[in-house]
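Trainee: Listed here are the chains, written in short residue letters.
Protein chains: 2
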Amino acid sequence: MAEKKIVIVGGGFAGINAAKKLGRAQDCSVTIIDRRNHHLFQPLLYQVAMAGLDPSDIASPIRSMLNRYDNISTLLGTVESVDVDCQVLQTEVGVIPYDYLIVACGATHDYFGRDEWEDFAPGLKTIPQATEIRRRVLMAFESAERTNDLDEQKRFMTFVLVGGGPTGVELAGAIAEMARNTLKRDFKTIDASHAKVILVQSGDRILKQFPDPLSKYSKEALESLGVEVRLGDRVTDINGEGVRVGEQFVHARTVIWAAGVKANPIGKTLGAETDRAGRVVVQPDLSIDGHPEVFVIGDLAAAKDKAGNPLPGLAPVAIQQGHYVGKLIRAEVAGKITPTSRRPFHYLDKGQVATIGRRRAVMQSGRMRLKGTIAWLGWLLIHILYLNGFRNRFFVFLSWAWSYVTFARGARLIVAKAWKNSGTE
Amino acid sequence: MAEKKIVIVGGGFAGINAAKKLGRAQDCSVTIIDRRNHHLFQPLLYQVAMAGLDPSDIASPIRSMLNRYDNISTLLGTVESVDVDCQVLQTEVGVIPYDYLIVACGATHDYFGRDEWEDFAPGLKTIPQATEIRRRVLMAFESAERTNDLDEQKRFMTFVLVGGGPTGVELAGAIAEMARNTLKRDFKTIDASHAKVILVQSGDRILKQFPDPLSKYSKEALESLGVEVRLGDRVTDINGEGVRVGEQFVHARTVIWAAGVKANPIGKTLGAETDRAGRVVVQPDLSIDGHPEVFVIGDLAAAKDKAGNPLPGLAPVAIQQGHYVGKLIRAEVAGKITPTSRRPFHYLDKGQVATIGRRRAVMQSGRMRLKGTIAWLGWLLIHILYLNGFRNRFFVFLSWAWSYVTFARGARLIVAKAWKNSGTE
Chain A
1 MAEKKIVIVG GGFAGINAAK KLGRAQDCSV TIIDRRNHHL FQPLLYQVAM
51 AGLDPSDIAS PIRSMLNRYD NISTLLGTVE SVDVDCQVLQ TEVGVIPYDY
101 LIVACGATHD YFGRDEWEDF APGLKTIPQA TEIRRRVLMA FESAERTNDL
151 DEQKRFMTFV LVGGGPTGVE LAGAIAEMAR NTLKRDFKTI DASHAKVILV
201 QSGDRILKQF PDPLSKYSKE ALESLGVEVR LGDRVTDING EGVRVGEQFV
251 HARTVIWAAG VKANPIGKTL GAETDRAGRV VVQPDLSIDG HPEVFVIGDL
301 AAAKDKAGNP LPGLAPVAIQ QGHYVGKLIR AEVAGKITPT SRRPFHYLDK
351 GQVATIGRRR AVMQSGRMRL KGTIAWLGWL LIHILYLNGF RNRFFVFLSW
401 AWSYVTFARG ARLIVAKAWK NSGTE
Chain B
1 MAEKKIVIVG GGFAGINAAK KLGRAQDCSV TIIDRRNHHL FQPLLYQVAM
51 AGLDPSDIAS PIRSMLNRYD NISTLLGTVE SVDVDCQVLQ TEVGVIPYDY
101 LIVACGATHD YFGRDEWEDF APGLKTIPQA TEIRRRVLMA FESAERTNDL
151 DEQKRFMTFV LVGGGPTGVE LAGAIAEMAR NTLKRDFKTI DASHAKVILV
201 QSGDRILKQF PDPLSKYSKE ALESLGVEVR LGDRVTDING EGVRVGEQFV
251 HARTVIWAAG VKANPIGKTL GAETDRAGRV VVQPDLSIDG HPEVFVIGDL
301 AAAKDKAGNP LPGLAPVAIQ QGHYVGKLIR AEVAGKITPT SRRPFHYLDK
351 GQVATIGRRR AVMQSGRMRL KGTIAWLGWL LIHILYLNGF RNRFFVFLSW
401 AWSYVTFARG ARLIVAKAWK NSGTE
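Chains A and B, in that order, are what the protein sequence lines are. Residues 1 to 425 (the UniProt record's numbering) are what the first sequence spells out, left to right. Residues 1 to 425 (the UniProt record's numbering) are what the second sequence spells out, left to right.
One thing to keep in mind: the hints can contain errors.
Note: identical chains are not told apart, hence a pair may lie in one copy or across any two.
Said to hold, decoys possible - Below, a list of computed lysine-lysine pairs in the DSSO-like style, where the Cα atoms sit at most 30 Å apart: (1) Lys417 to Lys262; (2) Lys420 to Lys262; (3) Lys420 to Lys125; (4) Lys417 to Lys304; (5) Lys125 to Lys417; (6) Lys188 to Lys4; (7) Lys21 to Lys125; (8) Lys262 to Lys306; (9) Lys420 to Lys268; (10) Lys304 to Lys196; (11) Lys5 to Lys188; (12) Lys420 to Lys350; (13) Lys196 to Lys420; (14) Lys21 to Lys188; (15) Lys4 to Lys336; (16) Lys268 to Lys417; (17) Lys188 to Lys20; (18) Lys350 to Lys216; (19) Lys268 to Lys208; (20) Lys336 to Lys21; (21) Lys420 to Lys154; (22) Lys262 to Lys208; (23) Lys5 to Lys184; (24) Lys420 to Lys208.
Derived from the structure by calculation, the hints contain no laboratory data.
Could you put together the complete structure from these sequences and hints?
Mentor: Pasting the structure below:
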């Protein structure tokens, strides 16, 4: 049989796991394309933003993750569009044909049509965004220390998080803890522990994918750290001075966006149906209608579980989808199955976990519901185990152990954006 | 006695060590001003550029380094000028008066009047410069992998280092080793080990502050790694295509500047005599002529040893000067000495060390001259010991041990400059 050319777009959880399943597969030549050179362990990105971890602790070059497979090549580049009829990709570096295509290029923030808010309220999806948030949070305390104007000091020491999902909750908890523990000793003029952290959630509870008692516990845990949780409140404006929440204007120099998500626009070029967030509607085998050779997986896919409910944009979903499609193509190229004999994808929900701070977390798996120290230890264990590469696991574990004992955050650097001598810093 | 106000400009080796000596000194109120929030262990900055270490491994917030001293405050800000007659500093955040002033704001690159070269050949003094160099070196291999044009491939895989001092030598050795060991396995189209690394030195030997046999050994060690060392050659032009070395044009997409140095322009506002590189000529007690209350130390100072030879711009000189001035002011404020009874500064030369690569280094102390593995172990030990903070020492030691065993470089991330969704990456 002739060799089949399989192209994977995106080196996130979905793409990298599909690639691994196709590693050394007979008659399969795989190319994985990403516009970044690294795979990112997104669930810990907020720790980079909060100066607890370094970017390289949670990122690995895609090339080295896959270098043991001779049949996989890695290409750094941007995919512009897909022509499913001609079976080719338009990329920055030329046209690439495929026999099978796996589109797994994820999602980004959505400001609900108010893109101008991004300047004032960065989101957290990439390493540059994490370091930008780190810079803003640390600079806010520095600026508060420098000013004599008490109102201005208050504005610098007010932090607003928009969105009550895991990212918003993790960031709110981490800023509150950093202010109370790490930074308290460092400043002479201000008392960093007086920082005000506000979490705004439009719904009636935070972490709404968790059972109600765990949401309630999370809210109380945040409040015990001094975070003000505002439920049922909607952000109607953001500018350089602060945030309008409902009728009230909250003066705050630092605002972080952890709310909406929209799918990568490449999804639309596939010609398949997309949902409101731009996600591509997929068949039970994760291929698109009329094109059994084109798969969409990860955050870009609008897939459903057995009961017909949409699957959430979470790492475990992306990993399982990657494994499923990788194995499926492998079997099909080997002639073991045909497009008509494919079995549908089933998501095995192993549960979920979210952290609020030191020894404060929630965990749910099947009927098991945990909170507090035990859930927090579960969170630590799961994240260490799922991190890619032994080096990363080892160093992240050590960093955490260190921070736990000393309350310090190792990566508290404010780094200039410009590298030139002459550049403004 | 009334409290004396001591202002330190710059949190490098000189400033931070002066501050430490003034910590808890009676009747001394100290303010340390830096435009960055972190102290940087500059001797290991090339390892950040070469993806071996993370920025936070070699940098610590100045605030936390000094937070145990109640009489020291830290201010993030830029000093614009000094008025030595009125005893005040002009800063971004207002006017600051002083009784004693320690100016220790170091040096930056000098392109010998050709500032336009900086775009094509970044220097290595700050973290953003280190990550920019990392990005360029890693991107060069990625771009070589993407192109089918063999000449273009060659240009992407040619790296020119300008300057044969420790930084140029360390970078040349590190790029050659990275290409041969770390990257070789990662690429399918190109053979990374074919990368060409050229070190251009205008003098007749590299590492000219070392005894001649050690310079010779270093050159051979670099050559054994495949580096082409060009002695007695001068760079006459740099542009986006490469470097003109003497009469020959070398096509190279990546050029790094490790040659000239010029002092911070603040030195000139002191009104004291400056040398050709803009360094401030100081008295034997490191104060400036006519102003016993103003000291200039570190790379910004043109100080001399007993024999009248200029002291080099090295970390040990800065550290000893910082200690000397800190102790001097402490004693003077306590009334133990007067400006007329000050003893002159003496630099105790403990020797020097430079590394070329794995088990390749040179070391000289007094009459002792070492090279190879033993010098390399000496280099490791010294750099671990002098690193600030136990956490940094521990993590750097582990990173090195890891890299030594696996030949891997943990921080091989190409990170975009722009953080915005909409930004170009």
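Trainee: If the cutoff is 30 Å on CA atoms, where do Lys188 and Lys20 land: within, between, both or neither? Let me know, please.
Mentor: between (52 Å within a copy, 17 Å between copies)
Trainee: Have a look at Lys336 and Lys21 and pick one of within, between, both or neither, based on CA distance no larger than 30 Å.
Mentor: The answer is within: 16 Å in one copy meets 30 Å, while 75 Å across copies does not.
Trainee: Measure nothing new, just compare the shortest in-copy and cross-copy C-alpha distances for Lys125 and Lys417 to 30 Å and report within, between, both or neither.
Mentor: both (18 Å within a copy, 14 Å between copies)
Trainee: First find the shortest C-alpha distance between Lys196 and Lys420 inside one copy, then the shortest across copies, and answer within, between, both or neither for a cut-off of 30 Å.
Mentor: between (35 Å within a copy, 26 Å between copies)
Trainee: Pop the pair Lys5 and Lys184 into one bin, within, between, both or neither, using alpha-carbon distances up to 30 Å.
Mentor: between (57 Å within a copy, 24 Å between copies)
Trainee: When no copy is named, should Lys268 and Lys417 be tagged within, between, both, or neither for a Cα gap of at most 30 Å?
Mentor: between (33 Å within a copy, 27 Å between copies)
Trainee: Regarding Lys262 and Lys306, is the shortest C-alpha distance of 30 Å or less found within a copy, between copies, in both, or in neither?
Mentor: within (24 Å within a copy, 68 Å between copies)
Trainee: Please sort Lys5 with Lys188 into within, between, both or neither, judging by C-alpha distance up to 30 Å.
Mentor: Between copies, since 16 Å is at most 30 Å while 62 Å is not.
Trainee: Within, between, both or neither: how does the pair Lys262, Lys208 come out at a Cα-Cα threshold of 30 Å?
Mentor: within (19 Å within a copy, 58 Å between copies)
Trainee: How do Lys420 and Lys268 come out at 30 Å by Cα distance, when the copy is not named: within, between, both, or neither?
Mentor: Between copies only: 21 Å across, 39 Å inside.
Trainee: Check Lys21 against Lys188 for me: Cα-Cα at most 30 Å, and say if that holds within a copy, between copies, both or neither.
Mentor: Close across copies (19 Å), not inside one copy (55 Å); limit 30 Å.
Trainee: Can you tell me if Lys420 and Lys208 fall within 30 Å by alpha carbon in one copy, between copies, both or neither?
Mentor: Between copies, since 28 Å is at most 30 Å while 46 Å is not.
Comparing the model with each numbered hint stated earlier shows that hints 4, 10 and 12 do not hold.
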